[in-house]
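Start from the sequences, fold in the hints, and give me the full structure.
Take a look at the letters that make up each chain.
Number of protein chains: 2
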Amino acid sequence: MKACGIIVEYNPFHNGHAYHIEKAREASKAEVIVAVMSGNFLQRGEPAIIDKWMRTAEALKNGADLVVELPFYWAVQSADYFARGGVKLLQALNCESLCFGTDSPSESDYQSFGEFTAANQQLIEQKYKEINQQHLSYSRQMTQVFQELYPSLHLDFSSPNHILGLSYAKENAQYEHPMSLLPIKRNVSKYNEEKIHQEFASATAVRNGAFKGQWGALKMVIPDQTLIDLTQKKLVSWEDYWPLLKYRLISSSYEELQQIYQMTEGIEYRLKEKALKAETFHQFIESVKTKRYTWTRLQRLAVYILTNISAEEIYQGWNNSYLNILGMTEKGQSYLKIQKKKSKLPILTKQMKNTEKYFKIGVKCDRIYQLGNNGIAEQNSGRFPIRIKNA
Amino acid sequence: MKACGIIVEYNPFHNGHAYHIEKAREASKAEVIVAVMSGNFLQRGEPAIIDKWMRTAEALKNGADLVVELPFYWAVQSADYFARGGVKLLQALNCESLCFGTDSPSESDYQSFGEFTAANQQLIEQKYKEINQQHLSYSRQMTQVFQELYPSLHLDFSSPNHILGLSYAKENAQYEHPMSLLPIKRNVSKYNEEKIHQEFASATAVRNGAFKGQWGALKMVIPDQTLIDLTQKKLVSWEDYWPLLKYRLISSSYEELQQIYQMTEGIEYRLKEKALKAETFHQFIESVKTKRYTWTRLQRLAVYILTNISAEEIYQGWNNSYLNILGMTEKGQSYLKIQKKKSKLPILTKQMKNTEKYFKIGVKCDRIYQLGNNGIAEQNSGRFPIRIKNA
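Chains A and B, in that order, give the protein sequences.
In this text, residue positions in the first sequence follow numbering that gives the first Met the number 0: the first is 0, and each later residue adds one.
In this text, residue positions in the second sequence follow numbering that gives the first Met the number 0: the first is 0, and each later residue adds one.
Think of the hints as simulated: they come from the structure by calculation, not from any bench.
There may be inaccurate statements among the hints.
[Stated by the list, open to error] The list that follows gives simulated cross-link-like pairs (lysine to any residue, SDA-like), each with its CA atoms no further than 25 Å apart:
(1) 271(B) - 311(A)
(2) 276(B) - 355(A)
(3) 363(B) - 77(A)
(4) 273(A) - 266(B)
(5) 359(A) - 266(B)
(6) 363(A) - 258(B)
(7) 271(A) - 258(B)
(8) 233(A) - 266(B)
(9) 356(B) - 250(A)
(10) 359(B) - 213(A)
[What the hints assert, rightly or not] Output of the computed footprint for chain B on chain A, the stretches with three or more beta carbons under 8 Å from beta carbons of chain B:
(11) 243-257
(12) 359-368
Cβ atoms here follow ideal geometry from the backbone N, Cα and C, with glycine treated the same way.
Structure, rendered in structure tokens:
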């Protein structure tokens, strides 16, 4: 049985995601599509609009065969760590290929970039250290590093998808048996585009539409299951957690805030000061933002503060990676049965006493996610993978 | 100029409090009544129904001449520490007498109890240690200690006011110049009585009436200023802080919770477990309560958790006591002028850079108090003592 891996967020699942799965199946000729999906907190430092279980059901009903949770400590990260976690889980599940959407697809470009980075790790790290002294965002630093080291490569670091693709390539190239890379042209509006048109819209546009209740327009760009989920549940946004974040910042000492992952360079002073005056999360981030501390970087830091995550917890997570199965089709289940004997990481389908060390961080973060909305169901204890029949 | 001290909470100010001030003036023959008043968190571990500034104005308009804040680290405490702080501040302001309400008044009883405790400190501490091994509440322990050591004394430890009176006597007897003790019979319904009748009602009854909007009945038992304050402001209760407390308990590790003042004997495990299931503060305390952990003790612990107060902060507070002036009449102001030269503690009338060490804990706790209700005004920065003319 051949499997093709994809690394996703589905916040929420829309037609562009269904198209991606379809293309992945075509390009890979795999029988099984394995989706590694962020849980309840997302790569760019946001709570998911609906919970991981609903997003899993949407994916399974629209082409995915197996949905595995990308744990918090990999998911809420800049592109490089997000890619490291995603590729690690797909490798552990022995996927033969990795299919990802991009705005500038060129299989050989990604391939050669991956090989270059695998061969020049020390050189790249060295360059990063040099660049790091300048006050630039991560993607600006990455642009500089590779413009100097590898000028022949086409680089578009203003596109988050292009950065992600390159990060996948870089991670994948480190493994003994790299997956074949299948970049596909994204058939959706640009990542951040906010309007809905025709059959496809970005997840950002879908979320905006959902918060505004534009169900007529949304119907055209999301599958039935997503429409049901969005209309029947309270939709979650950062504002739901703002009172808790503000409280945490006001009630914690500088010493306590310094224990938080990524709390560096004295940013805790600025955060505490601005939290006092801000009335909304939006106001807060707007008032803290600088060239160096971009919106996304601050949002991620805000998630770390909200979830009270220390650097030690993140490192512990990295050293205790596991496969948390959120759902599967019958085909996915057959594939999983084979992998249970072969996988290098533990495959978990429920929370148990003896697997506590794996679930610890996830359980904490999910409980905090639940505080944003009384209507969110228990996320871990007593939950089993969603199973659906293949169409 | 002679001053009589009283130690109060005014949550909120009612006719019984006005009666107490009137009797204090009569019994002491003092020109000035100095009220040491809890701030925004109260002795029994509750947020004040309205803020300390409003309660100060109520007191000044109804007989008090000087209102001084009893800082958090003295106020949110069992009777013995509450009394220690209150007596300390009144001593620093050179009050000649201390007048307090009680259900069983006997000047000589309090006097002799104070003298007995001052003379037998080591013996009492020794007895406490013996008793402490049994799983009893603080007042039950105190009953046992003194029934064994001082059986001739009339003791009614089921009355909070009687315990407080004895604690005042005990503290006062330690000073070189003890204040004369003026116990007066309380002319109000019993401490916890919930019904309103005639001219007097307990503060508990007033709060219940206010939450139910029983303004007709309340008018009879509270002065005009209190009625205005209660009807014009959102009333604060523990439920307003429950989402924050629940979040703090869920998001903190056991190690972090163990840093909280009074978090002993592994109670943090029980608190974290019960917080998950409770939907209200009331449900939460009800589910944690045991014989040893009474409602009041748990409420106080909940305030320490909410305000994230460590034992170190409390001890620092004790060692940096100060007089935070909340308000005064003209007479109060004249008295204060004299005390500025004589007082052993710093007298502060506004928050300044060089007095930060005094205000630190108070500012933190007040900011958290403000989170319970958007309508609460800034409590410290830029605030000056309330001044009113004598009638």
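Okay, the hints, checked on the actual structure:
1. 271(B) - 311(A): 21 Å, holds
2. 276(B) - 355(A): 20 Å, holds
3. 363(B) - 77(A): Given that 25 Å is the threshold and the Cα spacing comes to 34 Å, the pair is violated.
4. 273(A) - 266(B): With Cα atoms ~35 Å apart, residue 273(A) and residue 266(B) exceed 25 Å; violated.
5. 359(A) - 266(B): 21 Å, holds
6. 363(A) - 258(B): 19 Å, holds
7. 271(A) - 258(B): 21 Å, holds
8. 233(A) - 266(B): 35 Å, violated
9. 356(B) - 250(A): 17 Å, holds
10. 359(B) - 213(A): 49 Å, violated
11. 243-257: Holds: 9 residues of the region 243-257 of chain A have a Cβ under 8 Å from chain B.
12. 359-368: Coverage by chain B holds for the region 359-368 of chain A (3 residues, Cβ < 8 Å).
In summary, the numbered hints that this structure violates are 3, 4, 8 and 10.
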